[in-house]
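Novice: In case you want the letters, here they are:
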Amino acid sequence: PPSPLQPPGLPLAPCRSFSNNKIQVELDESSGVATMKFKSPPVNSLSLEFLTEFSISLEKLENNRACRGVIITSALPKIFSSGLDITEMCGKSMEHYAEFWRAVQELWLRLYGSSMVTVAAVNGSSPAGGCLVALSCDYRIMAENPKFSIGLNESQLGIVAPFWFKDTFVNVVGHRIAERSLQLGSLHPAPEAHRLGLVDELVPEEKLMEKAAAVMAQWLALPDHARQLTKAMMRKAVLDRLVAHREEDIKNFITFISKESIQKSLRMYMEMLKKKK
Amino acid sequence: PPSPLQPPGLPLAPCRSFSNNKIQVELDESSGVATMKFKSPPVNSLSLEFLTEFSISLEKLENNRACRGVIITSALPKIFSSGLDITEMCGKSMEHYAEFWRAVQELWLRLYGSSMVTVAAVNGSSPAGGCLVALSCDYRIMAENPKFSIGLNESQLGIVAPFWFKDTFVNVVGHRIAERSLQLGSLHPAPEAHRLGLVDELVPEEKLMEKAAAVMAQWLALPDHARQLTKAMMRKAVLDRLVAHREEDIKNFITFISKESIQKSLRMYMEMLKKKK
Amino acid sequence: PPSPLQPPGLPLAPCRSFSNNKIQVELDESSGVATMKFKSPPVNSLSLEFLTEFSISLEKLENNRACRGVIITSALPKIFSSGLDITEMCGKSMEHYAEFWRAVQELWLRLYGSSMVTVAAVNGSSPAGGCLVALSCDYRIMAENPKFSIGLNESQLGIVAPFWFKDTFVNVVGHRIAERSLQLGSLHPAPEAHRLGLVDELVPEEKLMEKAAAVMAQWLALPDHARQLTKAMMRKAVLDRLVAHREEDIKNFITFISKESIQKSLRMYMEMLKKKK
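Protein chains in written order, with our numbering: chain A, 2 to 278; chain B, 2 to 278; chain C, 2 to 278.
If you're looking for bench data, these hints aren't it; they were derived computationally from the structure.
This one's a predicted model, so the numbers in the text were calculated from it and none came from an experiment.
Be aware that one or more of the hints could be misleading.
Identical copies carry no separate label here, and so any pair may be met within one copy or between two of them.
With a straight-line cut-off of 25 Å between C-alpha atoms, the simulated BS3-like cross-links for lysine-lysine are [unchecked claim]:
1) K260 with K237
2) K79 with K260
3) K148 with K260
4) K252 with K265
5) K237 with K167
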């Protein structure tokens with residue numbers, strides 16, 4: 002049923018799109034649905050520049066009354082997002098680490114706390130920060146390709162997911178699965194991710210965007226005001242916890258990431274990635 | 002095994018029953034089990050009068066040492082309870098809204114905090130407040146008819162389930178399912194409700210009361226004292242939260258429900274219901 | 002991948018073992034894996050002596066840099082551990098109850114908070130405190146024999162699992178299942194325990210230790226430092242809660258257990274156990 006609280010969509014309104022360097026955004030004003038496509042080769046790393054653009058794009062849509070929902074997906078084949086850009090965490094200054102981490106927090110606060118309906122159309126692998134982006138949406142649809150995997154695999158790199166990654170994960174899969182998956186740094190192939198509840202639905206890759214649009218339509222059938230208040234109620238505790246500990250969390254990150262042992266571990270990991278190519 | 006802490010049931014004790022306007026209560030003193038049947042046509046709406054009678058009936062049973070458990074069901078076909086009576090929330094005074102909401106809180110505090118074993122025998126559809134009644138019991142058995150549905154569908158009406166509805170729901174189905182179901186205002190057909198854990202068991206409608214009695218007997222085999230302390234420990238955090246914020250919750254309800262946009266939305270919903278008939 | 006943060010295992014290192022009265026411990030220094038075998042006939046009751054030895058053994062391993070993981074199992078057939086020794090809770094002095102309960106707390110704080118990888122190889126029944134030991138590990142593998150059961154069945158004895166048993170249980174199986182299982186004092190046969198998530202995996206009894214070693218190797222492939230910080234983050238809230246309320250919890254236990262009604266109930270239970278033999 003259409004929302005009694007919302008003005009009807011403007012039929013036949015033109016599509017508006019804006020594209021910066023790393024993310025392409027298209028807003029269909031007739032449906033009120035924006036599509037954000039990550040297009041930062043080779044693997045949609047969440048660099049400082051990417052995160053900033055992502056946050057600004059979300060803010061623009063949030064403030065655009067014509068926009069009620071966002072579908073987030075990748076324009077690159079096989080990869081949704083590879084997560085936080087390791088080069089931002091390696092051999093940089095304390096100031097840079099602080100700026101980078103603040104940008105990660107900012108993105109999560111905007112996305113997890115968005116009043117829009119957010120649907121992740123996960124059309125490729127999605128480790129670490131890429132998984133966090135998906136976890137922060139309202140609904141996750143993944144291409145059923147078992148070669149695509151998703152998970153918070155930070156511990157594989159010798160680093161630790163911060164408490165708010167963990168809180169977001171626990172809210173989705175529960176404590177037991179989150180505890181095991183985080184300790185093992187598991188990357189779950191799509192079918193396993195679905196069994197664990199990490200993604201809500203699997204569809205053939207070619208049907209992914211069609212399905213995302215259908216799911217979005219279902220969510221947009223609800224009155225925005227009631228849905229937004231309900232979402233805020235569900236997510237408030239976890240959002241408030243980061244807001245209350247934001248500076249402390251940045252300090253912790255800087256202390257941890259600038260340890261020589263961690264830097265060495267990250268350098269080894271980057272070497273390994275280079276050899277893979 | 003029989004409880005070492007409890008006196009044995011009095012065999013061949015007479016059944017006592019009391020019936021007010023809207024709920025019929027029968028207590029079988031030999032088993033210690035009361036049956037409460039909602040009989041307020043057409044749909045067992047939780048009006049102020051119904052809620053008051055419900056609370057008083059629970060209090061009577063709670064204070065009756067012969068009563069150890071309650072089975073809650075409907076005397077009407079196809080409907081367990083349609084939830085809060087919308088007419089109580091539409092076009093009334095602030096004082097009325099406050100009195101009504103206090104009665105809703107009171108009922109939930111009594112039922113969710115009951116020291117008796119509470120089994121919901123859900124023999125019909127159970128939206129919104131009707132679902133809350135079922136969620137507040139220790140165990141939920143539902144008729145396996147897929148035409149019967151259950152869920153907290155408040156957002157469909159443009160209103161928002163309060164935090165203690167949400168807490169009760171999360172305790173039963175976990176955070177992810179609660180978040181999605183509450184945002185979408187989902188009414189889950191019985192088989193889906195069972196898959197989600199919203200109800201514990203499905204049985205053919207004609208076996209519902211027999212099954213409820215068998216489940217009750219299983220729960221009553223435990224020593225009351227240990228079971229009651231365990232139940233209190235499990236539910237204390239969520240009960241305490243409403244107790245601590247009760248007046249604030251009433252104020253929030255009044256502010257929200259008396260908004261013109263919400264009143265309009267509820268009037269439209271009632272019109273729609275009338276046309277359906 | 003091997004951990005960049007950890008020194009490699011010392012190949013061909015000798016096995017060191019130490020055995021006290023009730024628990025046999027073997028450490029394979031080449032793999033860094035210790036095996037603890039409960040061998041306190043007839044049923045591996047957690048007596049004060051057993052608990053003390055258990056805590057000391059864990060402490061020794063925790064402080065041994067050659068040890069990174071522990072597999073916990075039973076040397077007796079058909080029983081993992083029968084849980085807290087009832088004779089320690091029956092007809093003793095207040096001082097004894099306090100000392101005993103402090104030892105139970107101590108064991109749980111060490112095991113649930115262990116920085117080592119802990120795998121429970123549950124090769125027999127595991128009621129009450131025995132179940133707590135398994136729940137406190139990182140991973141639970143159980144022999145698939147349906148005659149073996151596991152659960153927190155305290156309420157069957159007329160007693161109540163303390164809040165930190167409950168918190169540990171909720172972290173593993175979620176609120177709804179924990180609430181029902183604790184109220185009913187359920188002992189779940191292995192297949193049911195697996196369905197509920199109470200154990201992570203079932204294997205034929207003869208493959209149990211082999212499987213435990215394989216799982217351990219998988220967990221040890223992760224960098225210790227990252228895994229340990231992640232584990233601490235997951236378990237901190239629940240551990241802190243007991244630490245903050247430890248003396249209060251001891252007082253509550255003493256008050257409860259020294260009630261005449263509870264003492265009578267425990268004596269009856271012990272009589273029943275004796276007759277069974």
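Novice: Work down the list of hints and note, for each, if the structure agrees.
Specialist: Here's how the hints hold up against the structure:
no. : hint           : verdict
1   : K260 with K237 : between (33 Å within a copy, 23 Å between copies)
2   : K79 with K260  : neither (33 Å within a copy, 49 Å between copies)
3   : K148 with K260 : neither (34 Å within a copy, 51 Å between copies)
4   : K252 with K265 : within (20 Å within a copy, 50 Å between copies)
5   : K237 with K167 : both (15 Å within a copy, 13 Å between copies)
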